[in-house]
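Novice: For reference, the chains in residue letters:
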Amino acid sequence: MSVAADSFVVQIKDLHVEYKTYAGMVKVLNGVNFHVDAGEKVAIVGETGCGKTTTVKSILRILPRNSRIPKGEVLFKGENVLKMTPAQVRILRGSGVSMIFQDPTMSLNPVFTIGEQMMEVIRNSGSPGAEKREVQQELAVMALRETAMPDPERIMLSYPFQLSGGMRQRVCIAMSLSTPRDMVIADEPTTNLDVTIQDQVLKLLKERVESKHSSLILITHSLGVARETSDRIYVMYAGNMVETAPTKELFGEQLHPYTQALMRCIPRLSGGGVAEGIPGRIPNYLTPPEGCRFAPRCPHAMERCRSEKPEFIACGNGHMVACFLYDEKGGC
Amino acid sequence: MVLRWLQRIGVYFLVLLGLSILVFVIARVIPGDPARQALGPRVSEETVQALREKLNLDKPLFTQYVLWFKGAIRLDLGDSLLTRRPVIEDVRRYLPATLEIVLLSAVFMAAGGILFGIVATKYTGKWQDALIRVLSYLGIVSPPFVWAVLFMLLFGYIIPVLPTTGRIAQSVAAPTRMITGMYTVDYLLTGNLAGWWDAFKHLLLPSIALMLGGMAQAARLTRSNMVENSMKDYIQAQQAYGVPEKKLLYKYLLKPSLIPTISILALDIAAVFGNAFLVENLFNYPGLSRYGLSAMLNKDINAISGVVMVFGLIFILVNILSDMVVAWLDPRVRLMGGADV
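These protein sequence lines map, in sequence, to chains A and B.
In this text, residue positions in the first sequence follow this note's numbering: the first is 1, and each later residue adds one.
In this text, residue positions in the second sequence follow this note's numbering: the first is 333, and each later residue adds one.
Certain hints may be false.
Stated by the list, open to error - Short derived list, chain A residues pointing at chain B, Cβ under 8 Å:
#, residue
1, Asn-80
2, Met-84
3, Gln-88
4, Arg-90
5, Gly-94
6, Val-111
Hints listed in this document are in silico derivations from the structure and should not be mistaken for laboratory results.
Remember, it's a predicted structure, so these values are computed and weren't measured experimentally.
Cβ atoms here follow ideal geometry from the backbone N, Cα and C, with glycine treated the same way.
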């Protein structure tokens, strides 16, 4: 934590997000702390429903209408996104952060051509000359060419339904980097793709982000994908970041009991056979457990875990963990 | 693409053929002798028999139909027993008046339905949305003739601001030249603005009475589709790219959401022709629907077949038009010949 806070592209401090539902207030995010450095590629790993998407949507202020943020800050280059004026939000969305959605069959408007949609994105980027059609056209074709798409001019005139899932996700990647961006957020970009092309798309994403010097947040539920793509990993459980470490470091040593359990879930080729699951399930967000939300499933849970919420403590080498096991021992 | 349209036109032709047979048979099997009814009880049996023969009523049903069909393809629909004129001439005389009402109705219905749908979407969950919802239910459950009576009472009697009978006031001269037969259009073409205004006022109450149900339905459908689509990833993605709210709403959200509305509008506009039977009578409006109703009441068999065939043809034209609009809106229909949504 020696880096000055200003060098963070995005920093989230103690973020709480709730959703109003018929059943009551669903307290999804429970004090998320998170940051991404300039040029850093960060993966957020966690089970479905643990709040990964909610966390990143708060950065772009595109949370659903029924959401509420009772507490917390979301800083983009030191500026609180939650307090931005509509004009500032437009700049943030137009040129600051872009997002690639999970399902490429759903994330392109079905009744407009790829070209129309890409040019709209460029038009709102505020890049020099972006209000001119020729510039939009040129940048869009260039972005498509950079994703190794054959015949970009033809793709520009196509409608989404005329392209395969993999092609559409390439279009989304091209779109997200058609003008310079500080950050790209990719929400499980390969989950809905054919296994055979998942790897290609992931490599492409990584390569594009690197060549444009953008930061990346990659959401995934697969540690394998995170390992391949990221510099650093956040492990998320039930609305909390429970552990973060540089990717290599985390695969060497896992501190949080949840991360340890998650690692044991990866099927290994040698020995072991079928992977273990984690007993129990994600808690009910209507009445989440007091204290550490993992306590009910944790083999090491102590009295303190059930009443008090653990905060991140630094363990050196950029490794941080939110667990009382390490506090108790007076270190890691 | 061309094949698909040819196929469709073939289907429409079969529909018209079926419709003509159905109406032809029904008009003849319902009790009552058309010839006797046309001539009255005091005419001698020989005269009635002569008319029967002239109408081919003495021949087998199948022969009758073949004879009628041969005439129909030459646009000869026989003579009306009531007006004693060729049916096709009556159609020419009365259809423009009905078209005028229905077209105005359709414009109001489409514009109002889509507009209220957008407003309800924009204010989802707010009072504007709730108000539009309640009014829509009212529009959907009340048949057009109820509105017609209500409007006549309100605007013709309590606050007499609009005419409730006929096509033009008695003091106003008919258009000097009949070009389309639609008074509002002909007045405009002949440059008679005062006449146009009078004719337009005469159209207002009946056409509004006729379109409220359809408009309400279109508004509900537009709203529900827009709200549903606004939660889809592609709208979220476009929002996340900083597309201005207005453009997002009126362009990127509206276009994919309008497709079901267009299809339902086509059905509702077709239904207006049916509802016009009652409403034209209430407003004493000399249109083809009113003509059709009196034909039915008087067992004027040729006029019945004629009116039904004309409305059937219009129904098909409206459907073709809506198919074209949907194809224009939806590339999946245009390029693949079917939507997978």
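Novice: Against each hint, give a clear statement of whether it holds in the structure.
Specialist: Going through the hints against the structure:
1. Asn-80: violated, 18 Å
2. Met-84: Violated: closest Cβ of chain B sits about 12 Å from Met-84/A, beyond 8 Å.
3. Gln-88: violated, 11 Å
4. Arg-90: holds, 5 Å
5. Gly-94: holds, 4 Å
6. Val-111: OK, holds: Val-111/A within 8 Å of chain B, min 5 Å.
In this structure, the earlier hints numbered 1, 2, 3 are contradicted, and the remaining ones agree with it.
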